[in-house]
Structures are given as structure tokens and as C-alpha cells.
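Chains A and B supply the protein sequences, listed in that same order. Okay, so the first sequence: first residue is 749 according to our numbering, each after it adds one. Okay, so the second sequence: first residue is 749 according to our numbering, each after it adds one.
Just so you know, these hints were derived from the structure itself, not from any lab. Beta carbons: idealized from backbone N, C-alpha and C, even for Gly. Fair warning: there could be bad hints in the mix.
Chain A is nowhere near these chain B residues, computed Cβ spacing over 10 Å in every case [what the hints assert, rightly or not]:
1) R794
2) F924
3) D1105
As a list, the in silico SDA-like pairs of lysine to any residue whose alpha-carbon atoms are at most 20 Å apart [unchecked claim]:
4) K987/B to I963/B
5) K912/B to E868/A
6) K1007/A to L1034/A
7) K1092/B to F1102/B
8) K912/A to V862/B
9) K912/A to F924/B
10) K912/A to P828/B
11) K1119/A to D928/A
12) K784/A to E868/A
13) K1072/B to T1043/B
14) K1007/A to N1035/A
15) K912/B to G864/A
16) K912/A to D928/B
17) K912/A to K912/B
18) K987/A to E777/A
19) K994/A to V862/A
20) K912/B to R814/A
21) K987/B to P828/B
22) K912/A to S927/B
23) K912/B to N929/A
24) K912/A to N929/B
25) K912/B to E777/A
26) K1073/A to D788/A
27) K912/B to Q919/A
28) K912/B to W867/A
29) K912/B to R863/A
30) K912/B to D928/A
31) K912/A to D1015/B
32) K912/B to F924/A
33) K912/B to E869/A
34) K912/B to G926/A
35) K987/B to A815/B
36) K1000/A to P1016/A
37) K912/B to L1034/A
38) K1109/A to P1025/A
39) K912/A to F1102/B
40) K912/B to I865/A
Number of protein chains: 2
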Amino acid sequence: MSEDQPIIDPWAAIKIDDYEQVFREFGIESFVPYVKAFPDAHLLMRRGVVVGHRGFQLIYDCIKSRASFVVITGRATSGPMHFGHKMVFDLLIWYQRHGADVFIPLSEAESYAVRGISWEECRRIGLEEIVPSLIALGLEPTARIYFQMDTLSLLKLAYTFSRKITLNEAQSIYGFSGSDNMGKIFFPFIQVADILLPQLPEFGGPRPTVVPVSIDQDPHIRITRDVAERFVSEYNFVKPSSTYHKFLSGLKVDPETGKPGKMSASDPETSVFLTDPPDVAAGKLLNAFTGGQPTVREQKEMGGNPDICSVFEWLKYHLIEDDKKLSEIYHVCKSGDLTCGDCKSYAAELIYAFMKDHHRKREQAKKIIHKYMMQP
Amino acid sequence: MSEDQPIIDPWAAIKIDDYEQVFREFGIESFVPYVKAFPDAHLLMRRGVVVGHRGFQLIYDCIKSRASFVVITGRATSGPMHFGHKMVFDLLIWYQRHGADVFIPLSEAESYAVRGISWEECRRIGLEEIVPSLIALGLEPTARIYFQMDTLSLLKLAYTFSRKITLNEAQSIYGFSGSDNMGKIFFPFIQVADILLPQLPEFGGPRPTVVPVSIDQDPHIRITRDVAERFVSEYNFVKPSSTYHKFLSGLKVDPETGKPGKMSASDPETSVFLTDPPDVAAGKLLNAFTGGQPTVREQKEMGGNPDICSVFEWLKYHLIEDDKKLSEIYHVCKSGDLTCGDCKSYAAELIYAFMKDHHRKREQAKKIIHKYMMQP
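My request is simple: use the sequences and hints to build the entire structure.
Structure, rendered in C-alpha cells:
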């Protein structure tokens, strides 16, 4: 979102700045037309987080005609979910409410092969940290969540696909080096199989599928669409569609740019985790980087800058559903009528309330996990 | 077996000629001491087909002390079994009678990735061609036969192992090229997992394991022993042992050497298949290359040469159990008292009887296949 953009107008054409060039180069299309076409577009769509897509028309048509389609996104079992991950599952739940069959692979193969986490720990993280939060966020039990290593048809499908990709191709797509372990090198095939698994007859058969991913995941999408094409005669696959979302910023300033840095699972202060106690979550927002002036006096004179403020980003993407309310805050910040202290207190209150509710729902969720886990 | 060796003395030290050099280089040990140590050594042991080993003392000790051990060998689902394959399963059955837990992976991953055979055809070949012959050869139902792609714990184990082998290592062992497909590149890990699977707790836990293979399979054995070591802290694996057997010759002469050529599944005249009708099998032996002289007169004067004769090899490794009988034939051939015509007729009679019995047993076997197939 650019600074000169009236961010509170959900239907305005969204400039995607840094992304436009990349999109043109790789043949990704703008998501803007769909933002306008859905009267109840998700706030991450209408506030410019979902910026691009491949083949989304198929999904739009399914939603409009109430035809069967799939949404799928995976979650690595390498640690608890933070609010960057939450965003994707908020979208998933939106699709579920619009008729999608939801599939969620718990991507333990990646956690094991790339991060060296033991199978036992992958299992624990999946069942104790991730799944309860997915349910607490509002996922309905028609969703099918699975561990990759529990799912024979997935592993067989991954191996099936691997026959039609050469080592050279895999290396050119993923840039493997000789010192990479073979698990890391085979993992992408499991990920490709995750996306196409729902189209096997026993999981509902061929149908449109949307995969919401961050921009950097586009190579996976391209190879998956390519594999779908190479195996179309055997499986009658519909080429999967994708949407691309921006990264959300972290809570700490990047000293080089003076703007919020990245969220990083390895630095707990850069984000809020869905397992953080409410007061810890609130404390993180109270300590967050803002777009305010050095003193209250300067703030009152010159106004704050919500466009580079991580607290405002939190309000925009997670804490305030109401567009009018968000717009008000944007303007009183810019005009200097809102101090960062007051704004952070407000954000902290909201996240405290959210987390308190989330923890209560997580405890309830733990009793019904089995309803969501796909039977092998 | 060299020409100056009295092949009919099962306890004589066996010279392994071409193999000795290779063995010394790669640290393979001679099997001869064990031939002498088993009063009931299998004819393929005592007649010099099983020539080398790694770590066989472990297996010997298990047999002597009636301790639990495993024998495992796979069979690719790329076509019916010929007598070269039969040899390995004759050994397997010998081990089973000496107390081994038998595991037989039907190696459809290889057939699919390397030979491009569809999963459906792999399945058909396994169930209709291979398994009935395994049962007919005398395998007891305690054996566990499985399709690789039915076996979740196998695929998980293969992936588990792949984390501790780099692409460079895999390439140096197997000599992959960039144009090889990724299925072929991942396949060896499935094969390594086949060998170590029986040591998982649910399949009987850590214990000595012997893998009878032909010499060219030693790289697989070396990497498997290496993997067992790298994962010993997680699984407590006992390093698998191996025995090495010579290739059996084919029924046709190699024009370059003047000796019998190779058995080749792609040239049906080079071997007898366990699915051949009895008269076809007999006909193949009647047409086989022998070590005889050009004319009967010359044969009577100079004698035949059983040491380069494919028919004699068939008698020695498959058709005559009795050492004394085999010795007689060897000598009457050498002395010129046996013509090739009579000898081939005799061999043809024996194989006709064997195949007739084998087909009868195959038909019975088809009704009890389920007793042998491992439940996923």
C-alpha cells in the first residue's frame, strides 16, 4: 500500500508498487478486479494484502455458481503460529464459508528435512500448537487436516510426480546445491502432491483449487501447475489457481530502512504468537515500532505516519474489521490528534481481548481435534 | 568356478577368479569358510554361486544359536521371474528353513521410475506373476511380501534416511546425471529402507539381517550399512550383512567370448521364465548352447566341456540336487561318453517335470496369496 493511497477505501484500485514489476515478469495478474467483484471481500483482500493471482477466475466462477472447489495451504510444524501465519488461515476460513473444501497439510517433511526437527516434535507442535489455533480461528470440521507422513496416498503421489521431473529441472527451479540433503531435494514433490491430492477420486476428484501463498512461493505454484499438466491424461487434474499476498511487517524497526522489519519466528519480539499469553501479546504491541514523531509536541504539530507504523498495520490486518473505524484512526493519527501511546494502548486492549478469547477457544478446540484430522 | 577345479567336491576351497580382485578392493570376504561350516549348505553355496559376504558371522551365529534374524531381498515388478531370480529365492527359502524372518518387497518404485511401468501393471505383475511363483518355490506363509507403495512406514523411513545423505553423496554413489528423473534419484532411499524396515519395532525390532545380492548391488549394501550407522542412535539398527552371488549364464552363446552370454529378461530365449509352459521351457534347454564338440565323433574322442556349458550350469544350479549324480554327468561329459543331445534331452526332461510341478503349485498358490501379503 503506497503512502498516497486512501487505504480506507476498500474499492479503490490498489497500487502494488514493488510487486507490479515482478508480477508482469512472471505473468501474475492483479487481484483488484475480484476485490471489487466480491461484495463481502475479506478485509485482507479489500485492504490490499492479497495482491495477485494465477487462474483465479475458475475460483470466482465456483463461488458464484456454488460449484465444488478446494482451498489448500500447508503449515510447517516448526513452531507455533504467529499473526503472519494467521492471516493465511483467515483467508482459508473465508473460502470455507464461501463453499470451499479445505485441506491443510501439516508440513512435517519440511520441518524434518530442512530444519532438523524430529518427527516426535513435529507431531507435538502440530497437535498442541497449530491445530487448536486453526480450530479456534473458526475453521469448520469439514476441513481435512493431515500430517504428511500419515498419508500414504500423498507420498505415493509425490513419488509418482517425481518421475516426470529431471534433476536438472528441479535444480533450476529450486537452486539446490550438492551439499543439500536429499530430503530437502525431494520435499518439493511432497508439497506439489499436497496441492493436487484433493483432486484424487478418493478426496473428491478433479476440481478447481486455490492456494493462497506469499509471493516467494510462486516457484512452487508454477511447478505444481506444470505437473498438473504433465499428468493430466492420468488424473484429469484441473490446473490449480493461486493468490499472492504481501508479507506482513514485524513489530520491530529495521535499522536500515527505518520501517518495520520482518516477522521472524526465531525472534519472538517481532511478532505475536497465537500461543502467547494475552498480557505478553499486549506488551509486544505496547513496545512496538510506530510511525510517530519523537515527541508528543511534534506529533501534535506534524501528525503521525500510519503508513510505516507496525501498530497501525496490526489494526488494519488483524484487529479492526470495521472500515469506518479504521479510517477514523488513520485520520486522527495523520492529523496529530492521536498520540502513539493512546493508539498502542488501544491496540494492546484489542489484542488482549482477542488472545483471551483465542485461548478460551483453543482449550475447547483441543477436545475436538479428532473431528478435523483426516483419517489415513 | 575355474575349469581346473573339481566342481563336484562341495567342500573344496572355491577359487573365485575374477571376483577375488574386486573383493579385496572393496573389503568383501570369502564365503568359503561358511560353506564348510554348514553341514547342509545350500547347493548354491556349496557349488560356488555364493562367493562373498559382508558381516555374515552375525547370521551364522544366529542360525547356530537359533536367534532371531532377517533375510530380505526385493523383486522388481517389471516382468515374470526367470531362473536367475529363482536362485535368490531358493536361498531365501533356505534361510527361512534355518529360522529367518523373510521380507520380500515388491519393488514397484523401481519398475515405475526407472522402467516406466504403470502402477496398475506393477500390481498385476506382482500378484499374478511373481508372488504365485514365490509360494510355489516353497516359501512359508510367515514370509512378509509387500508392495512398496502400500507401505507407509517404508516410505516414511526412506524419507527419514534421505535427510542425512547429501545430493553430492548420492551422485557419487549412484552416478546420477542431471537428465535422470527425480524418482530414479530418490528410489535408492526406498531400497535402503526396504533393508532396514524389518528392524523397526513394529516389524520385530533390531536384529541381524542378511541380504543376498549379486555383486553389482554392493553399492546399495554399502550405503545401507552406512545409513544404519548414521541412524543407530535413533533406531539402534544392527548393520545389515550381505552375501554376494555370481550371475548365472544365459542359454545362448555370446559370440565374442564363445561362452554362454547373459540372461536377459528382454530376450526370452536367454532364460527360462517361471511362467513358461513346460514344453517351452524344455524346448529352450534343447536349443541351448553347450560345451560340446562340433561332431559326435569328435565329442567321443575329445570329450565335452561342462565348464563352459549352459546346460550343465542349469543342471548344477537348478536341476540336480544330488552331488554324486552331478559328478557322474560331469565326468561322462568330459570323457566323451555323453553326447550333448542325450544330455540336453535329460535336462529338458528334468525342467519339464519341474515346470509342470511348478505350474500346479502356482495354481494352488493363487488361492492363498493373501496369507503372504503384509497388511499395511
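Tested hints:
1. R794: holds (41 Å)
2. F924: Answer for F924/B: violated, closest chain A Cβ roughly 6 Å.
3. D1105: Non-interface label on D1105/B holds, nearest chain A Cβ at 38 Å vs cutoff 10 Å.
4. K987/B to I963/B: holds (19 Å)
5. K912/B to E868/A: The hint holds at about 18 Å.
6. K1007/A to L1034/A: OK: K1007/A and L1034/A at ~17 Å, within 20 Å.
7. K1092/B to F1102/B: Measuring from Cα to Cα gives roughly 15 Å; hence the hint holds.
8. K912/A to V862/B: holds (11 Å)
9. K912/A to F924/B: This hinted pair holds, its Cα atoms lying about 15 Å apart.
10. K912/A to P828/B: violated (26 Å)
11. K1119/A to D928/A: violated (38 Å)
12. K784/A to E868/A: Since the Cα atoms of K784/A and E868/A sit roughly 45 Å apart, the hinted pair is violated (cutoff 20 Å).
13. K1072/B to T1043/B: violated (28 Å)
14. K1007/A to N1035/A: holds (15 Å)
15. K912/B to G864/A: holds (10 Å)
16. K912/A to D928/B: holds (10 Å)
17. K912/A to K912/B: Distance ~25 Å between K912/A and K912/B Cα, so the pair is violated.
18. K987/A to E777/A: holds (16 Å)
19. K994/A to V862/A: violated (24 Å)
20. K912/B to R814/A: violated (47 Å)
21. K987/B to P828/B: violated (31 Å)
22. K912/A to S927/B: holds (11 Å)
23. K912/B to N929/A: Cα-Cα ~6 Å, so holds.
24. K912/A to N929/B: holds (6 Å)
25. K912/B to E777/A: violated (40 Å)
26. K1073/A to D788/A: holds (17 Å)
27. K912/B to Q919/A: holds (19 Å)
28. K912/B to W867/A: Since the Cα atoms of K912/B and W867/A sit roughly 14 Å apart, the hinted pair holds (cutoff 20 Å).
29. K912/B to R863/A: holds (12 Å)
30. K912/B to D928/A: holds (10 Å)
31. K912/A to D1015/B: violated (28 Å)
32. K912/B to F924/A: holds (15 Å)
33. K912/B to E869/A: Status holds; Cα separation ~18 Å.
34. K912/B to G926/A: Roughly 13 Å separates the two Cα atoms, so the pair holds.
35. K987/B to A815/B: Given that 20 Å is the threshold and the Cα spacing comes to 16 Å, the pair holds.
36. K1000/A to P1016/A: holds (10 Å)
37. K912/B to L1034/A: violated (44 Å)
38. K1109/A to P1025/A: holds (13 Å)
39. K912/A to F1102/B: violated (43 Å)
40. K912/B to I865/A: holds (13 Å)
Going through the hint list in order, the structure does not satisfy hints 2, 10, 11, 12, 13, 17, 19, 20, 21, 25, 31, 37, 39.
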